[in-house]
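One-letter residues, chain by chain:
Protein chains: 2
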Amino acid sequence: MIFDICILFLYLDPIHDTIYSIQFKNQVLQVFISDLLIILITAFIGRLLAKKIKQPMVLADLIVGLILGNLGIIELSETMHNIADIGVLLLLFSTGLAVNLNELNELAKTSTVVALLGVMIPFILGFFAAHLFGYSYLVSIFVGTSLTATSIGISSQVLTETKMIGMKIGTLIIGAAIIDDVIGIIAMGTVVGIAVTGNLEIASLLISIVLTITFIVICLTLAIYFFQAISNSFIFTQIGNYQILLPILIIGLIFAIIAEKIGLSLITGTFMAGLILGQTRLSKEAFESVSLIGHSFFIPIFFVTMGMQFDLSTFFSMGFFALVFIFLAIFGKIIGCGSGAKVCGFSFRESLAVGIATVPRAEVALILANIGLKYNVITPNIASTVIAMTMVTTLITPTLLKFSIEHLNKKKKHK
Amino acid sequence: MIFDICILFLYLDPIHDTIYSIQFKNQVLQVFISDLLIILITAFIGRLLAKKIKQPMVLADLIVGLILGNLGIIELSETMHNIADIGVLLLLFSTGLAVNLNELNELAKTSTVVALLGVMIPFILGFFAAHLFGYSYLVSIFVGTSLTATSIGISSQVLTETKMIGMKIGTLIIGAAIIDDVIGIIAMGTVVGIAVTGNLEIASLLISIVLTITFIVICLTLAIYFFQAISNSFIFTQIGNYQILLPILIIGLIFAIIAEKIGLSLITGTFMAGLILGQTRLSKEAFESVSLIGHSFFIPIFFVTMGMQFDLSTFFSMGFFALVFIFLAIFGKIIGCGSGAKVCGFSFRESLAVGIATVPRAEVALILANIGLKYNVITPNIASTVIAMTMVTTLITPTLLKFSIEHLNKKKKHK
Numbered sequence: 000m001i002f003d004i005c006i007l008f009l010y011l012d013p014i015h016d017t018i019y020s021i022q023f024k025n026q027v028l029q030v031f032i033s034d035l036l037i038i039l040i041t042a043f044i045g046r047l048l049a050k051k052i053k054q055p056m057v058l059a060d061l062i063v064g065l066i067l068g069n070l071g072i073i074e075l076s077e078t079m080h081n082i083a084d085i086g087v088l089l090l091l092f093s094t095g096l097a098v099n100l101n102e103l104n105e106l107a108k109t110s111t112v113v114a115l116l117g118v119m120i121p122f123i124l125g126f127f128a129a130h131l132f133g134y135s136y137l138v139s140i141f142v143g144t145s146l147t148a149t150s151i152g153i154s155s156q157v158l159t160e161t162k163m164i165g166m167k168i169g170t171l172i173i174g175a176a177i178i179d180d181v182i183g184i185i186a187m188g189t190v191v192g193i194a195v196t197g198n199l200e201i202a203s204l205l206i207s208i209v210l211t212i213t214f215i216v217i218c219l220t221l222a223i224y225f226f227q228a229i230s231n232s233f234i235f236t237q238i239g240n241y242q243i244l245l246p247i248l249i250i251g252l253i254f255a256i257i258a259e260k261i262g263l264s265l266i267t268g269t270f271m272a273g274l275i276l277g278q279t280r281l282s283k284e285a286f287e288s289v290s291l292i293g294h295s296f297f298i299p300i301f302f303v304t305m306g307m308q309f310d311l312s313t314f315f316s317m318g319f320f321a322l323v324f325i326f327l328a329i330f331g332k333i334i335g336c337g338s339g340a341k342v343c344g345f346s347f348r349e350s351l352a353v354g355i356a357t358v359p360r361a362e363v364a365l366i367l368a369n370i371g372l373k374y375n376v377i378t379p380n381i382a383s384t385v386i387a388m389t390m391v392t393t394l395i396t397p398t399l400l401k402f403s404i405e406h407l408n409k410k411k412k413h414k
Numbered sequence: 000m001i002f003d004i005c006i007l008f009l010y011l012d013p014i015h016d017t018i019y020s021i022q023f024k025n026q027v028l029q030v031f032i033s034d035l036l037i038i039l040i041t042a043f044i045g046r047l048l049a050k051k052i053k054q055p056m057v058l059a060d061l062i063v064g065l066i067l068g069n070l071g072i073i074e075l076s077e078t079m080h081n082i083a084d085i086g087v088l089l090l091l092f093s094t095g096l097a098v099n100l101n102e103l104n105e106l107a108k109t110s111t112v113v114a115l116l117g118v119m120i121p122f123i124l125g126f127f128a129a130h131l132f133g134y135s136y137l138v139s140i141f142v143g144t145s146l147t148a149t150s151i152g153i154s155s156q157v158l159t160e161t162k163m164i165g166m167k168i169g170t171l172i173i174g175a176a177i178i179d180d181v182i183g184i185i186a187m188g189t190v191v192g193i194a195v196t197g198n199l200e201i202a203s204l205l206i207s208i209v210l211t212i213t214f215i216v217i218c219l220t221l222a223i224y225f226f227q228a229i230s231n232s233f234i235f236t237q238i239g240n241y242q243i244l245l246p247i248l249i250i251g252l253i254f255a256i257i258a259e260k261i262g263l264s265l266i267t268g269t270f271m272a273g274l275i276l277g278q279t280r281l282s283k284e285a286f287e288s289v290s291l292i293g294h295s296f297f298i299p300i301f302f303v304t305m306g307m308q309f310d311l312s313t314f315f316s317m318g319f320f321a322l323v324f325i326f327l328a329i330f331g332k333i334i335g336c337g338s339g340a341k342v343c344g345f346s347f348r349e350s351l352a353v354g355i356a357t358v359p360r361a362e363v364a365l366i367l368a369n370i371g372l373k374y375n376v377i378t379p380n381i382a383s384t385v386i387a388m389t390m391v392t393t394l395i396t397p398t399l400l401k402f403s404i405e406h407l408n409k410k411k412k413h414k
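Taken in order, these protein sequences are the chains called A and B. Counting from 0, one number per residue, gives the positions in the first sequence under numbering that gives the first Met the number 0. Counting from 0, one number per residue, gives the positions in the second sequence under numbering that gives the first Met the number 0.
Any given hint could be a false lead.
Because identical chains cannot be distinguished in the list, a pair is counted as satisfied if it fits within a single copy or across any two copies.
Said to hold, decoys possible - Calculated lysine to any residue pairs in the SDA-like style (CA-CA distance at most 25 Å, straight line): (1) Lys-283 x Leu-245; (2) Lys-373 x Val-30; (3) Lys-283 x Gln-242; (4) Lys-260 x Ser-33; (5) Lys-51 x Gln-242; (6) Lys-283 x Ile-243; (7) Lys-51 x Phe-235.
Read the hints as simulated data drawn from the structure, not as lab findings. All values reported here derive from a predicted model rather than from experimental measurement.
Given only the sequences and the hints, what does the whole structure look like? Please build it.
This is the structure:
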C-alpha cells in the first residue's frame, strides 16, 4: 500500500512522469547494480571455496547471504526479492525438465506414501510437543502444520549439484517433496481457514483438493499432448537460437500463474511446466537454456537472498521449546519420509537420504507464522521459534544430504 | 527518499522484518509475475508479427511497450526498470563481444571523424534553430547539446538482427556511436556545469577527458593481457558449463561500475568488457551465453519498457518549433555522420546507413531535459519537445536502418 503510493507519486503528468522517473531511476539503479555485483561476487567466491572443501554450493550461497544480511552490507530491495523469486521458479522449472517422467509415474505410489508419512509424523510430533508445553489446541495445530511442508529448493539444488535428479532416488525425493508441498499448502489453507473463521470449511477444502487433482491430471495428459504438438509448430521452428528461451519462459510463467490461481504455489506450476516440456522435442534445449540462465544468475541470487533473511538475533531469544521444536522438525521428516521409503522397499541408506532431503522448511512455515501473528493465534515468541526452525533446517540440509548421497554412490560403486 | 522510507519501514525488528516482508513480498510478487508475463507474451507475439512483415523485432518491442504503457495496462515498477537496465547492459556487452577489435582499431580514425561531425553538426543546427526561435544562449546550448549523443541500443539491436555487427559497416557504426556517446556525456557534464555554477569549469572538463582516455587505453592494453591470462586460470577451467556465465557477468558489471564512477555511462563499461573478453579464450562461450540470457529475457524487456515510457500525450502540445527540432534531429545526424563516413571513403549508401544508425537519441537528451527543468534553464514546453524528439527518432530508426542495410547487402550481392 505504502509502496503503491510511492509508485503512484511518480506518475503524475506526462513530463514530470518522465523527468521524475529518470531521477528516481538513476539513484535506484546505482544502488541496484552495486548490490547485484556484491551478491554475485561473494556468491562466486563462496562457491569456489565450497568446491575446494567439497561442500555444496548452495550452502556457500546461504552463508554468504547470512553474512551480507546480518552485517547489514546490503538491504534487500524489492527488485532483488523479485529476481530471487524468478530464481526459485527457474530452479523448479529445470528440475521438472530433468526429472524422468516414466520413473516418476512408476514411483507415484511410493512418493505419495513417503509424502503422507512425511506430513503426518512431523505434524503429530509438533502438535503433541506444543500441547505438552501447555499451548492451546489451535496453537498446537499451527505449530504442527508449520512442520508439514518441505521447502523443495535446497534439495532440488543439491540433487542438481550431485547430478542425482534423473536417478531413481532423486526422482523419489522430488516426487515426494512436490506432493508434500501440495499437501502442506492445502493443510495450511485449512488451518488458516479455521483460525480466521473459527470453522473447518469442508467445502473449500474439497474444492482445493478437486482443483489440484484436476490440474495435475490435465498437466500429465492433455497438456503433454498439446505441447508435443505445439513444439513442432512454426512458433518453435521459425525462431532463432537466442529466442528459443523466450516462449519457454512464457510457458513456465503461465503454469506458475495457473497453479497460484488454484491455490498452489508458483513453483509447483513451473515444475509441472518443466515436466510437460520435458516430454517434447524441446526438452534438451529448454533444460540447457533454463539451467544456464538460472544457475548462473537467478538461482545464486535466490539462495543468497534466502540467507540474507536469516536474522541471527532470532536465536538469542530462543527457549527450551524452540530447541525441542527444531529437533522434532529435523527428526520428524527423517523418520516420517525415511520410514515411508523403507516400507516401499528402499535400502536403509537410501531411505535416510530421502528423509534428509525433505528436512528443509520455509515458505509454508513462514506464511503460517505470518498469518498466525496477524490473527493473534500465536505469540511473537512462537513465530520466532518457527523462523529459527526454518533457518536451522535449511542450513544443515545441504551438507548432510550431499554427504549421504555421496556415501550412497560410493556404496554402489563398491558393489 | 520516499522509497527508502518504505523499505526502512520493513526493517523494524527481527520477527516483524520477516513477517512484514512476506506479506509485502507476496503482493508485489503476484503483480510482478503477471506484469512480466504480459510483457513477455506481447513482445513474443509482436516479434513473430514483425518477422512475418519483415520489420525489425526491436520495433515490435517498442510498439508493444507504447500500447501497454499508453493504455495503462501495466505500470512500470522499480523491478521492471532494473531488469530493463540489465537488458541494455547485456545488449552492449554482447555487442562488444561480437565486434571485431582489429577492424575497430583500423576504423578508429574514421569512427572519430564520423562521431565528431555527428556531434558538431546536430549541435550547431539545434543551437541556431533555438536561437532563431528567440531562445537565450543558455537554452540554445541545452537544446543543441540534447542532439549530440546517439542512443546506441536501437542500432546495436538492429545490427544484431541483421547480423552486421562483425562486418565493416557495423563496426564503424558501433565505433562511432560509442565515441559519440562518450563525447555527448562529457559535453552534457560541461553544459550542466555551466547551468549550475554559471561558469565553464575547465578543470573538471579536463579531468573527465583524461580519465576517459586513460580508461579506454587501459581497457585496450593492460586489461586485455590480464583477462587473456585469467581466462586460462583455474577460475574458468574448473567450473561447470552452467556456471561460466556468472564470472562473465561479474566482469561486465565491474567495468560498468568503473565506467560510471569516472563519469561515463554504465553501458560504455559493459561494451568495453565485451571488447576485452572478446579477445580471450572465453569469447565464444561468453557471446553465446550473454546473447541467450539477454535476447530471450532482459533485452526484450528493455525495449518494451522503453516503449512504455513514450507518452503519446506529449505530442498534443507540440508546436512548430518541435517539428523543426525533430526534423533537425533526424537530418543533423544523417548529414553529420553520413558526411563523415563519405569523407573517409565509404560509398554514398554506406554513409547513409551510418547516418541513419546514429539518429536515435535517448539517455543524454532526457537527462539534459531533466536537469534543465530542475534548474529552471528550460521550460516544460522545451522539455516536452526533447522528449517527443527522443520518441520519434527512436521509432523511425529500426525500419529505416533495416531497409538501408538490406539494400546495401543486395547491392553487394549483385556485384
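Hints, verified against the model:
Taking identical chains as interchangeable, the C-alpha atoms of Lys-283 and Leu-245 lie at most 25 Å apart whether they share a chain (15 Å) or sit on different chains (21 Å). For the identical chains of this complex, Lys-373 and Val-30 are inter-copy neighbours only, at 22 Å across copies versus 32 Å inside a copy, given an alpha-carbon limit of 25 Å. In the homo-oligomer, the alpha carbons of Lys-283 and Gln-242 lie at most 25 Å apart both inside one protomer (15 Å) and across protomers (18 Å), since each shortest distance falls under that limit. When the C-alpha separation of Lys-260 and Ser-33 is checked against a cutoff of 25 Å, the pair qualifies only between copies, where the shortest distance is 11 Å, while the shortest distance within a copy is 35 Å.
In this assembly of identical chains, Lys-51 and Gln-242 lie within 25 Å of each other by CA distance solely across copies; the values are 15 Å between and 36 Å within a copy. Taking identical chains as interchangeable, the C-alpha atoms of Lys-283 and Ile-243 lie at most 25 Å apart whether they share a chain (12 Å) or sit on different chains (19 Å). Taking the shortest Cα distances, Lys-51 and Phe-235 sit within 25 Å of each other only across copies (14 Å), while inside one copy they are farther apart (41 Å).
In this structure, every one of the numbered hints holds.
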